[in-house]
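Student: Chains A and B, in that order, give the protein sequences. Residue numbers are given in the UniProt record's numbering: position 252 of the first sequence equals residue 252, and the series is strictly consecutive. Residue numbers are given in the UniProt record's numbering: position 149 of the second sequence equals residue 149, and the series is strictly consecutive.
Hints may contain errors.
[Unchecked claim] Here are the simulated distance ranges between beta carbons:
{"hint": "1", "chain 1": "B", "residue 1": "Tyr106", "chain 2": "A", "residue 2": "Arg24", "range": "47 to 57 Å"}
{"hint": "2", "chain 1": "B", "residue 1": "Leu65", "chain 2": "A", "residue 2": "His53", "range": "36 to 46 Å"}
{"hint": "3", "chain 1": "A", "residue 1": "Gly116", "chain 2": "B", "residue 2": "Pro188", "range": "21 to 31 Å"}
{"hint": "4", "chain 1": "B", "residue 1": "Lys247", "chain 2": "A", "residue 2": "Asp134", "range": "40 to 50 Å"}
{"hint": "5", "chain 1": "A", "residue 1": "Arg138", "chain 2": "B", "residue 2": "Asp372", "range": "54 to 64 Å"}
{"hint": "6", "chain 1": "B", "residue 1": "Lys247", "chain 2": "A", "residue 2": "Gln364", "range": "30 to 40 Å"}
{"hint": "7", "chain 1": "A", "residue 1": "Asp37", "chain 2": "B", "residue 2": "Lys247", "range": "32 to 42 Å"}
Hints listed in this document are in silico derivations from the structure and should not be mistaken for laboratory results. Where a beta carbon is used, it is the ideal one built from N, C-alpha and C, also for glycine.
So you can see what is in the structure, the chains are spelled out below.
Protein chains: 2
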Amino acid sequence: MTKEPHLTRAPGGVALPAGPAVLRRANLSLVLRELRDHTSLSRADIAEATGLHRATVSNLMAELLERRLVREVGVEHVGAIGRPRRAVALHGAHVGALGMEINVDYIAVHGTDLSGRVLVERRVVYDTMGSGPDSAVRRLGLVAKEAVEAMRRVGAVPAGIAVAVPGLVDVTRGVVTLAPNLYWHDLPLADQLSSILGPLNVPVRVDNDANLAALAEYTSGIAAGTPDLVYLTGEVGVGGGIISGGKLLRGADGFSGEVGHLRVDPNGDQCGCGRIGCWETKVGLAALVRAAMPEQAYGLPGMPVPDPGERVADIARGLASGDRRMMMAVAQVGEWLGLGGSILANLFNPRAIVIGGYFASLAQWLLPHAQDQLQRLVVAAPAAQCRFVASTLGFGAASRGAASMVVNHIIDDPAAIMDPLPRPAAY
Amino acid sequence: MTKEPHLTRAPGGVALPAGPAVLRRANLSLVLRELRDHTSLSRADIAEATGLHRATVSNLMAELLERRLVREVGVEHVGAIGRPRRAVALHGAHVGALGMEINVDYIAVHGTDLSGRVLVERRVVYDTMGSGPDSAVRRLGLVAKEAVEAMRRVGAVPAGIAVAVPGLVDVTRGVVTLAPNLYWHDLPLADQLSSILGPLNVPVRVDNDANLAALAEYTSGIAAGTPDLVYLTGEVGVGGGIISGGKLLRGADGFSGEVGHLRVDPNGDQCGCGRIGCWETKVGLAALVRAAMPEQAYGLPGMPVPDPGERVADIARGLASGDRRMMMAVAQVGEWLGLGGSILANLFNPRAIVIGGYFASLAQWLLPHAQDQLQRLVVAAPAAQCRFVASTLGFGAASRGAASMVVNHIIDDPAAIMDPLPRPAAY
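So that you can see chain A by itself, here it is in the shape it has in the complex (with noise of 0.2 Å):
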């Protein structure tokens, strides 16, 4: 998502001079970058957002027109008494993007063009815990490969896949350094799905769920365009994604967001992850089950629950009919929330915290005790406005969001659009 510089460096690290090609990709992709951010513009309003020549402009979209990166949408017209203007949007209908996530019980598909229309679009039910990670990437493989002709079918071929994972990430190598509720740990995921992928060459990256999710909030969500907000995945665990001045915060590792394990209360319960008082012993559904339905009550704050989605049923059910034990587990959460919610704004500063996963599901108990928990404890009264507000992305916006971050990648170096692209297969 960082603008790379436009470096040509032999392995000496003496400067090469850049080539007119490398200039000209950067100057293809910031006229995209320009594209992707607006629904449409004339040649005059890029040249005047770039700061390129309105000549080069041209240039550049006569190449992009040829190469159906772009098209035309024809008139606009600029005032009252403006001249018409034609203008141009994103276009690649041949250029897929395939957005992907594995979770403890699904795999989801979201492909999509380069301009964001949705091709493909898929949810598979899969026990990925009890499976074992050999034969989940296999699955995994199997449903990109069937995903990937789905879009050829329709015309398309993928120039990336993204796949979404609920865990700790090291993005650069596409290694899953440690998903617990995956039982996953140091899985060279990026490596065993490129190779199962083998001749469809389609480059694979790998990044954690709410990261992407975030990225998903952030271009087509209930808060999409907000450039400070927060995304919280509310599961068993819960996780967090992180949009800070319209772009992902990753920090240095890529390990930025990690909320569940946020040390909230030092004389709380112990956690399935061995510390004291973390945020997800108060606010995981394993918590609320526990303070909600104490019958049901089973195992650590952190441990996997069974059959989550039938849990939150339930307690919907519960709530809906005035059932007071569960008024009260709902507030006590709903106040943790809040907490953890306000350190999130003390520290960055967010319009919008968007809640997904149950805490999307239960909302409208949880969000009030959330909403003036925070209120009470942010510090900076402009903070203080920052909203929770439930997530309408559902269960599709990892996969929704990888298929975005695919889009990214193309537009920062569209150099892997620029070659003849092959020919999809049924054409």
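For this one, chain A is given, so just place chain B on it according to the hints.
Tutor: Showing chain B alone in chain A's frame:
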């Protein structure tokens, strides 16, 4: 610090074409930014890094040399058989950047030229708290005038002033929203100072002291160049500044990094702010004094400490002589420092947490406990490599960062120094 889009819009929102002057300034800024981030570069390096044509760079460079904003720094030999290349570096000895800080008991000044060369540095003892805002602003104006004169005498005309304040600052309007330790609230400091400086006509900005100190640490401190770092001020209050991906993280309203009142202990003591269990009540100077020298205990944690410097010196002497109670006090504060640090490490994944103020003075005793606790509590192993390090910038950090911020603003928008400069009076 963010790259401004080069847009020119008429009031009605109609886009106007960017004139050649706008374009040229954008390109001059691009070149200056490269030179700011490197000691010296050849024209070829700059062409490569910016994506501008060599001819354009040579042309821009001619203007920058004529305006004395860059200077030739001799010949660079590249590689064993490389031909010699003339390198250039940032110059601007006639362009001043004035950084200031006003705090509880002093006003500090740090003035540099465009290349960061220090022209004036001064610290004035001043009882800001006791004087009231009107007198304090007048005094600040007087110190600013003297600094401007001193800089003019050595040939540099300040192109901007930035003032660091220990509190919440509305950066856009230059208003100090709340600075509890100065007893200031809703003080339009930028406007008041501008009006005092009157005919000097230097633009004034105001920012949070920890933000500016973080910038100083990133520019020239012990962890200089670390793109992900957190800075903590350890005083009676505890403030934070976040550098993420090489940029100051501001959040939606500029109120990010408010670390002092994170609720770290729901069963903790009441804070001076009225909330319960704030981090300041655990690691602020009042908390340490209370635990280390209970016979001197007074007020609530988070409230003023008389003669803070003397108290810290007393404690350092006690620790050096092996005082057991003080050892236990510093261990306890160190552990809480580590706990808060683990929250920062989990959320921002920095490489370093640079500690200033009294934390730095007592670093040798605090840091082992803090580092140990941080490592226990951080989730991701690589994030746990985050080190606490003591700042070496001392009291000058915030004013030094303020000067850096002025330099950054000039470089981001060199318009202010592009027009013919008034000759300094002493010339």
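Student: Which constraints among the numbered hints does this structure fail? Numbers only, ascending.
Tutor: As far as the earlier hints go, 2, 3, 5, 7 are violated by this structure, in ascending order.
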